[in-house]
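Please assemble the complex out of the two chains, which come individually in their own frames, going by the hints.
Take a look at the letters that make up each chain.
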Amino acid sequence: MNTPTKTDAFVQFDRVQKSYDGETLVVKELNLSIGKGEFLTMLGPSGSGKTTCLMMLAGFETATQGDILLDGKPINAVPPHKRGIGMVFQNYALFPHMTVNENLYFPLEVRGIGKSEREGKIKRALDMVQMGAFGNRRPSQLSGGQQQRIALARALVFEPSLVLMDEPLGALDKQLREHMQFEIKHLHETLGITVVYVTHDQGEALTMSDRIAVFNDGRIQQLAAPDVLYEAPQNSFVAQFIGENNKLPGTVEDIADGRAVVRLATGEVIAATPVNVSGKGQKTLISIRPERVEYRAEMLPEGAHTVEAEVLEFIYMGDIFRTRLRVAGSDDFVIKNRNTLDQRRLKPGEKIRIGWAPQDARALDPL
Amino acid sequence: MSAEATSAKGGPASAGTPALKASLRRAERKKRRGAFLLTLPLLLFITVMFLIPLLGMFWLSVANTTMTSYMPQTVKELSTWDGKDLPPEAAYAAVASDLKVAFKNHTFGRVAKRLNEESPGAFGLINKTTFRTARLRTPPASWKDEFVKIDKTWGEKPIWTLLKRESSVITSDFYVAAIDMQYSPEGKLERVPAYARIYIPLFIRTAWMSALITFLTLLLGYPLAYWISRLPEAKANLMMIAVLLPFWTSLLVRITAWIVLLQSHGVINSILVGSGAVADTARPQLINNSLGTVIVMTQVLLPFMVLPLYSVMKSIPDSYVRAAISMGAHPWRAFWRVFAPLTASGVGAGVLLVFILSIGYYITPELVGGQNGQFISNRIAYNVQQSLNWGLAAALGTILTAVTLILFLLYGYITGNRKVSIT
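Top line first, the protein sequences correspond to chains A and B.
Per our numbering, residue 1 is the first one in the first sequence, and the count goes up by one each step.
Per our numbering, residue 1 is the first one in the second sequence, and the count goes up by one each step.
The shape of chain B in the complex, shown without the other chains (with noise of 0.2 Å):
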């Protein structure tokens, strides 16, 4: 039938032509609506629960509200402070102005508090300038001579140097330290010194101890998986149940379970000692330490490891193998050229999976880890339990989120294709 003959009024859309392309497109309509309904609770679950909380944690880590919430005038006066000499009166005037009102508002604490987590020592100046100024009962003849009596620091650019930099919403001021890094009191950005240098080490930790995680369970979990795919039907079910049984186990207790085996007076010590493998005195210490980490954290990931490679080589028959051996290569060289290269797509999943898992992984560490096993979630909790840093936990958590995104992009980029398969 010719174009012409079906393009008539009324007549059926014919190929390529706007019609067909809107009739598909209404035909397409229903069934998108119907998948958006589908899956709307889980979108809305998805967004309160997870992207919310996620774009909040970004805002925590490069917001800085506490100036401009509580030291307004300050804020204004130090806008248009040219930073070369010590700012003029008004300035202290207006700083002044505001410890008045923060302290009937009970609200200095704060603003020493986050001033002190920038400039240690803040806080003490901070209260002390509040009381005394409070104590004031006329105004004095020039704010800043008072100040300067109050304590000489504010005698001295650095104070006001940080009062201006805090003057901002957005801050840097997080990441900035969460790269071991801090400003000068000229206001210059330099490193911390050696000793006081924690998240880049731990950041650096944290990678090559997951790298050597997801080594070992590659290692352990590649034969186990080619070995399961081999088997028939029946058996290989009977072995996934197998492992995929610490799943049913509660992380706790399997954790519970290798500190029983592991520590110094555990069951695997006292045999080696039992045995006069090893002496009494010199039991090797396998828990509280990195070592722990990396053997808990193997066992506890390897079914992660397991499943993609899995599923990856069940779908791979025999006859390829097979045929390359007939060919004349010989078992060996039939694999690695063969099925190895096959289950690649399977190896990158299962590493990319455990990999991510293992940089944020927070439970083991933190129970198996000792000093030297801590990974950096471990700090991000104690930046959020114990020293209430959020903003730092925040930036944190944050470039942990970057790094995990950024490598599952790359692995998207090397395999070629853009959608990544963690089936």
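Pulled out of the complex, with its shape left as it was, chain A reads as follows (with noise of 0.2 Å):
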């Protein structure tokens, strides 16, 4: 999806800052542009200011500095419930006092839509959720994978363009939350709403968004498409958060056509992409991806510089195998190899060579 330019954003952020003290800020000048119809997910860490973000957005937050727009229209002074944005919790917030349908039936009531048309409208969401024969239960007595279809149901019967989601997965199981993943993106597809996502799983971010706001320290350290992110990280606190991530300490010794030459640690000069960094002598950190790195010489690209490594850990993990090896001096540098019919499995203390194509190693800001 093509980033939405300042008229045509559904959401917009504009230099919005928040503060709980008055004296630090959780949000730092946030400046993001949502479009409509787009599943846009805040990533970070907690404590990164993603949770805060969309709390300010459903209204339970208030901007400290800077406004939040909806449609075009500032919303700072528009109290949440007059928002008309729907809103999944991390703990489902099902009223354990009322019914599935009573649960779905209640943004009906105070919206005054007419009975005849809640039937229908309660019925078409439980439907969407595989949950029609539920209406009548408690929440205690529907499992958590049940509850979670339930308040996605819910956030979904009064037809908002806008839902939040604030990790609404969290508490499900590993495979029960990737199943969840694929409903609710194939929800978001068949309905066209915009959502905007808030998780510390960044698998969960890059299998469900069309963009993924990575969230540090009260900014947004990247704004792109999951594979943008994975695998052009602009910076290395984004290449160390998303996937698993190599990184070799070195110094710029050249740069030219986009190429950089880098001396790491152990004097092996290797061959990177200059991402953030700009000139010679300058220390960098080279991301390199586990699965980016070849041991076997005939599957190098040509002219691809490799470095002495040494086998300190062989792990079998069914689809693939991971190897812990030693590299420039660094003790966790690791590479993985599907589980092929050709693959060998790597012995600890054999000595190997490795390699990579020069634009799967980036030169990124030493953290």
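Keep in mind the hints are simulated off the structure, nothing from the lab.
Misleading hints may appear alongside valid ones.
Quick list of in silico lysine-lysine cross-link-like pairs, DSBU-like style, CA-CA up to 35 Å [to be verified]: (1) B:K235 <-> A:K28; (2) B:K128 <-> B:K152; (3) B:K104 <-> B:K149; (4) B:K84 <-> B:K157; (5) A:K28 <-> A:K351; (6) A:K28 <-> B:K314; (7) A:K115 <-> A:K82; (8) A:K82 <-> B:K235; (9) A:K115 <-> A:K174; (10) A:K347 <-> A:K280; (11) B:K76 <-> B:K128; (12) B:K113 <-> A:K174; (13) B:K113 <-> B:K188; (14) A:K82 <-> B:K314; (15) B:K144 <-> B:K188.
Following this line, the structure appears as structure tokens:
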């Protein structure tokens, strides 16, 4: 999806700041435009400001500075119950004293929607999440996954054009979580709603999002589509936070034509793609994804640099082999190889040479 | 594994078989024995210090052993009396003989006192009759004539009706008195004259004042508990300490402090008069009346309302109300539709706790209640300590206990679960 321009943004954060104590900023100068129908994920470690941003959008927190616009209109002064934004909470927040039907009835009732219309809407919403048969149950009689579906249906039943989700899958087990990720994604696609999704789980963010905003320290570190974020992280934080990442510290020897020559701590020289390093002599951190590292000479691209490595540990993980190496003085260099018929299992103590395509080695800022 | 394979001799018990149940029972028995031993000291304590006195109170409220103990012959003679005419000569003789023994044992006073409780004037009659019969050297030709000579009441039926009624070991007399009723001289149940009705009005006053106090504690306690439950942990703990602070001060000290505040030349009245809001001659009476009882008991019982409310509210996450608001409900509506219903069990527990504590309260109404702020418990204390009518005190106490129990069960029934939580 294309980055929306200022004019067609559905949700817009304009230089938004938030402070709870008047001393430190939890959110610093946030600018973010979300397009209509987009699935945008705010991803970051806890305390990075992502949930605060979501709560400001929902209206439960007020921005200390700056404007939040919804469909072009500033909503800072609009109370949360008049914003018409659907919301799914981390603990589902299903009303325990009401049945599933009554839970879904609630948003329709407060909107004064007629009785005949309500039933149809409730039925549609429940069918949407495959919970049509559970209308008369109480939330306590449902499993976690079922409660999650009901919470989703309740947030969607009044047909909001924007739905916020605050770590909605956090309490589910891994299998169910992955299953629900696809369901939410499909619902988003079918309904054409705009979703702002908060999570600290990068796998979840990569699976579901059109774009991901990586938060750290109150700022967006990078805002990009999942593949861009994963393959072309803009700084060491993003590289480190998204997916598994090997980092090799070094010094820039030379930069020319989009190629950098980097001398590693042990004196070996490799080629890398400069991302946010600019000059010779600068300290840098080379980031290489484990699955882009190759140890078989015949598989290496032409002209690739290779470095010495010693196998420290081999872990069999089913679909992949995870091998830990010592490379250029660092003990936590990991490579991943698919468990294919021709794949060899490396043995600890073995000496090998590893290499990669220069564009997969990204020279980033030293953390 | 199939059930056949495991149910073989010596193998592990399979699901649903008696063998499994038996082994479960064995395993549970040890746990139960441990639990029993741990609670045994408390169980013994409660039995000795609570259950037995409670049963004792119940027995006192129906026990009527005076006649059977000290007038055994009379009891025996009157058991065959049909109650239509005056009893036969043998009954008079039996009374005389019993009174002689009673005189010797100095027990006739008890008989006189007991009968006087039921029929004022009987005290004098019994004393007089005892002394006169004791003085007789030789038995008279007719005890009946002799008795009528002593007092003509003996020649009328009511005293005999009374004696016969009191001959039974179990009596409802105390309960009859406790609900402001009495036996007419003819032995019929009737209400006491309006001026003498004490207990029913007192029960009603105790109930409605307790209801008022409960309502006021709810009114004051609910917003307070709500506010504290929404505070961050550290501040909330501090506030709860403030709520519980009164428990660390003697109740007497607190009541005395209230007296200082509320009395007619106390702090509040002085401020009112000093500021000119009230004329010096028109100082409001804030204490030694029902108003004083309500004010002080509301303060004293407030923590008992706040505690259960707080513990329930604390367990309700913000996200419920937030979810309701995000769905378009005005914050007030979200509160009434979502938050308030979820606190129902806390309200129930708090109301029940405060009301039950309140209807049995003694010390506060005693000290600040004056005339019209007294509770039933003050009257029970009066019967125990001053009029020494323990039977009546026990009957009143038993009624109070029964009312409390009924309320408790009613609450359990209304809330739909048998367990009533007071935490």
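Hints versus structure:
1. B:K235 <-> A:K28: Satisfied, since the Cα-Cα distance of roughly 28 Å is no more than 35 Å.
2. B:K128 <-> B:K152: holds (12 Å)
3. B:K104 <-> B:K149: Holds, at about 23 Å.
4. B:K84 <-> B:K157: holds (9 Å)
5. A:K28 <-> A:K351: violated (48 Å)
6. A:K28 <-> B:K314: The given pair, whose Cα atoms are some 32 Å apart, holds under the 35 Å limit.
7. A:K115 <-> A:K82: holds (22 Å)
8. A:K82 <-> B:K235: holds (32 Å)
9. A:K115 <-> A:K174: violated (39 Å)
10. A:K347 <-> A:K280: The given pair, whose Cα atoms are some 38 Å apart, is violated under the 35 Å limit.
11. B:K76 <-> B:K128: It holds: about 23 Å lies between the C-alpha atoms, which stays within 35 Å.
12. B:K113 <-> A:K174: It is violated: about 83 Å lies between the C-alpha atoms, which goes past 35 Å.
13. B:K113 <-> B:K188: holds (22 Å)
14. A:K82 <-> B:K314: holds (27 Å)
15. B:K144 <-> B:K188: holds (26 Å)
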